Amino acid sequence: MFMARITGSIVSSQKVESMVGQKLLIVEPLRLNDKARAKLNSTGRTFIVVDTVGAGEGEVVLCVQGSSARFTEQTEKLPIDAAIVGIVDQVHVGNHTVPIPN
Amino acid sequence: MFMARITGSIVSSQKVESMVGQKLLIVEPLRLNDKARAKLNSTGRTFIVVDTVGAGEGEVVLCVQGSSARFTEQTEKLPIDAAIVGIVDQVHVGNHTVPIPN
Amino acid sequence: MFMARITGSIVSSQKVESMVGQKLLIVEPLRLNDKARAKLNSTGRTFIVVDTVGAGEGEVVLCVQGSSARFTEQTEKLPIDAAIVGIVDQVHVGNHTVPIPN
Amino acid sequence: MFMARITGSIVSSQKVESMVGQKLLIVEPLRLNDKARAKLNSTGRTFIVVDTVGAGEGEVVLCVQGSSARFTEQTEKLPIDAAIVGIVDQVHVGNHTVPIPN
Amino acid sequence: MFMARITGSIVSSQKVESMVGQKLLIVEPLRLNDKARAKLNSTGRTFIVVDTVGAGEGEVVLCVQGSSARFTEQTEKLPIDAAIVGIVDQVHVGNHTVPIPN
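Chains as they are written, first to last, in our numbering: chain W, 1 to 102; chain E, 1001 to 1102; chain C, 2001 to 2102; chain X, 3001 to 3102; chain D, 4001 to 4102.
Here chain W stands alone, though its shape is the one from the complex (with noise of 0.2 Å):
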């Protein structure tokens, strides 16, 4: 899996039908910074993803990939490749913190 921060939505009115009531949004994931590992930056990929726990924009995900994007109840049979499974409160890195961005 990895963290991802939302950063926007895709609406589409022409798709296949199962989709018809799934939220897309659009994520950019993150990752740790070199050597610190104090902050998360974007690694400026945009990936889209169905949400399955009320995320919201600006908020930091953590998102699944592949068939597994399949096994909630919400996704099961649905063709996609990447949900939300749930949203980031806290990173901890050693003994620090690691900030949320916002």
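Treat the hints as calculated values from the structure; they're not laboratory data. Bear in mind the structure is a predicted one, so any value in this text is a computation, not a measurement. Idealized CB from N, CA, C, for every residue including glycine.
If you want the footprint, here are the derived chain E segments under chain W, 3+ residues with CB under 8 Å:
#, region
1, 1001 to 1011
2, 1031 to 1044
3, 1058 to 1068
4, 1082 to 1096
Go by the hints and put chains E, C, X and D onto chain W.
Just chains E, C, X and D now, with coordinates in the frame of chain W:
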């Protein structure tokens, strides 16, 4: 999933039998540009995907990869690892709308 | 899926039993060149794929990756993650036809 | 699979119900350094994985990705794409032993 | 699939129970060098794979990734995402034979 622009199509007359009749489109994944997130840029990569929603060249679409590409009525059991599952109408980031490239 | 050129083949005499008799080809994925999209360039990567359509060295083919490589009659249940599922005859981008490299 | 060092952990209070009670660790994949292959270097990437073997921060572990992350008793049917399946005690290359970073 | 050279092995005494007795090898994927395609070069990446064919250090092998790594008698249901499924004896490109590095 990822957003991508349809740039072309391919013709394959000799292929696995189950693939007969499937439209094979060329897409280029898109990403939001750094910092501003006000534009969608091509990543320069080239994928071949099966269309399930009647999309056409020039349109920006939502693509799914991996085993989940088989989770639509049309693509069930096909030997494909990527499919278009929606046409992207609008992209929202914060308070602004990101233009769909054409 | 991706387009690739067949550049060679490998021989493996000691292998998993279910793989006996499978033709193992070397392919290099191709991508459209930037902006013009008038040529197919090699990505320089090297993959080994199983052939299911009688393709030969020098041909440009359509390859599938992941679990879907097992979704042809010939490859069902094989321990493979990539297969050729078609031979590419024509590549169309906008109003022009992209030459197939040989 | 890949070797990785555990650098931290995350807390997620709002998450998919099946994930309650799962320990979420931050890992950085490692690779042998070029030529000499005498050291393990971080790739600088950041993944979140579920622990199944009681590993702790600072340890070097073996991680599995994709659907196979669901093939342990503890993780069956979880919406996860990465899990720790072993603690790495020794790394051997040719006649020497590569030190485990701490 | 990809070709790789076996460079070492790892020892993991604390691991998922189903993994007991599995040989864990370190491999470096190989690619043909540009243009000439007359040599196999290391990509510098490091993967851990399960051996199913009795391969040893220094040998060049064929590796499969993802769920298909579970499609051999020995690896069925194991939490692994990569396995060796053959030993590479010969590599042919056009009219020449590419030497197997040792």
